[in-house]
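Can you make the complete structure from the sequences, with help from the hints?
Each residue of the sequence shown is one higher than the last, beginning at 6 in the working numbering.
One thing to keep in mind: the hints can contain errors.
Computed Cβ-Cβ distance ranges for the label pairs, DEER-style [claimed, not checked]: (1) Pro242 to Gln347: 35 to 45 Å; (2) Ile68 to Asn337: 25 to 35 Å; (3) Val78 to Lys239: 26 to 36 Å; (4) Asn337 to Asp181: 27 to 37 Å; (5) Pro190 to Val123: 38 to 48 Å; (6) Lys239 to Gln263: 15 to 25 Å; (7) Lys167 to Lys88: 39 to 49 Å; (8) Asp265 to Leu137: 32 to 42 Å; (9) Glu53 to Asn368: 22 to 32 Å; (10) Gln263 to Lys167: 23 to 33 Å; (11) Ile373 to Gln158: 35 to 45 Å.
Honestly, the hints are just simulated from the structure, not real lab data. Keep in mind it's a predicted model, so treat the numbers as computed, not measured. A virtual CB, placed ideally from N, CA and C, is assigned to each residue, including glycine.
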Amino acid sequence: MGKKIVRAATIGLSLNAFCRGLLRELTEEGYEVVALSSPDADLQQVGEREGVRTIGVPMERRISPLKDLVSLVRLIRVLRKEKPDMVHSMTPKAGLLCMMAAKMAGVPVRVHTFTGLVWPTSTGLIRQILILTDKLTCACATHVIPEGEGVKQDLQRCITRKPLKVLGYGNVKGIDLQYWKRTAPTEPHETVTFIFVGRLVREKGINELVAAFVRLNEQYPQTRLLLVGPYEEKIDPLMPETMRLIDECEAIEAVGSQTDVRPFYERSDVLVFPSYREGFPNVVIEAGAMDLPSIVTDINGAREIIVNYENGLIVPPRDEAALYEAMEWMLNHPEECQRMGQKSRKMVADRYEQGFVRQCLKNYYKEILP
6 MGKKIVRAAT IGLSLNAFCR GLLRELTEEG YEVVALSSPD ADLQQVGERE
56 GVRTIGVPME RRISPLKDLV SLVRLIRVLR KEKPDMVHSM TPKAGLLCMM
106 AAKMAGVPVR VHTFTGLVWP TSTGLIRQIL ILTDKLTCAC ATHVIPEGEG
156 VKQDLQRCIT RKPLKVLGYG NVKGIDLQYW KRTAPTEPHE TVTFIFVGRL
206 VREKGINELV AAFVRLNEQY PQTRLLLVGP YEEKIDPLMP ETMRLIDECE
256 AIEAVGSQTD VRPFYERSDV LVFPSYREGF PNVVIEAGAM DLPSIVTDIN
306 GAREIIVNYE NGLIVPPRDE AALYEAMEWM LNHPEECQRM GQKSRKMVAD
356 RYEQGFVRQC LKNYYKEILP
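Right under this line is the structure:
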């Protein structure tokens, strides 16, 4: 067996989503791969599907000093026993705990991928704590991978002076173009459907999106809005007025979480993704692969995928009026909208095809593993 790699995330869902097929490929290329996260059904599924060994170590997603200390001690014991050649973590808490544990356990190569940063949109004490934890993660890591150029610039500005390397064009997951494709070509039609895919929370810009759409729908009754994703009332709730509008507006359809969102993309004409912050939004890549143009906010990741008036429109974050104007423009320019959608798939194929993204990572592993 070749070099041993521990791929780690806070919860199994992250490994399940970001490493689907990758861990099996690494095993086939001679690596001994171990998947590590909090013990859950997703971690078990990863092990069964990828054919890799799994280790469950409970980790809290939120700041929890006592539980975090317990997790750190457990991780140190696990890594001392496993003696991996490399630990590669992603997600904030796993990054902090696994990089610290790996350094204390003497793991020679310690890699963390930043898929997004929380502190740029935070304030006060919370912001300072988040900056401190990211600094500690980078101090313990030997290699840091920012998912995109925007994340790289933020890290260089406030967190670390270590060399940072964006792999490929910046996405860490890649997209399977055989899976993400339309079953029928897009055609302009009377009803124009806007779609949002993701968590229905404040920081995704849902308050502004719903308010802008309701105003648009009053002027253009042929419009529809699809909301695909879960609410998170305890973590980041929407305003009561937003919830009321979603319930009362007949042109808004909230369908909850879906295991397969492709049918909803097929029903739609434009993705609207007004998030306040991202690392590198896979939703925008998925929509592009499904021949949809996107309206996105001017934030990390999104502005690296979308070129204004080429494959979508870019608007300022937290700006209801700008969202309204962008949706109205798409509505009133159906031919340009369709052209943008057709260009979107080609741009995604050129930059984010899964095989290319994974090869960039494999090449990087070969560079950094002794």
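Against the structure, the hints:
Our hint of 35 to 45 Å for Pro242 and Gln347 holds, since their Cβ atoms are close to 38 Å apart. One distance hint, 25 to 35 Å for the beta-carbon pair Ile68 and Asn337, is violated here, with the actual separation near 47 Å. Taking 26 to 36 Å as the suggested C-beta distance range, the pair Val78 and Lys239 conforms, at roughly 29 Å. For the hinted restraint 27 to 37 Å between Asn337 and Asp181, the CB-CB distance of approximately 34 Å keeps it satisfied.
Between Pro190 and Val123, the C-beta spacing of about 40 Å keeps the proposed range 38 to 48 Å intact. A beta carbon spacing of about 21 Å between Lys239 and Gln263 agrees with the range 15 to 25 Å that was offered as a hint. Between Lys167 and Lys88 the beta carbons are some 25 Å apart, a value that contradicts the proposed interval 39 to 49 Å. Asp265 and Leu137 have their C-beta atoms about 40 Å apart, which keeps the hinted 32 to 42 Å range intact.
Between Glu53 and Asn368 the beta carbon distance is about 28 Å. The supplied range of 22 to 32 Å therefore holds. At roughly 39 Å, the beta carbons of Gln263 and Lys167 sit outside the given window of 23 to 33 Å. The supplied range of 35 to 45 Å is broken by Ile373 and Gln158, whose beta-carbon atoms lie about 22 Å from each other.
Violated hints for the displayed structure, listed by number in ascending order: 2, 7, 10, 11.
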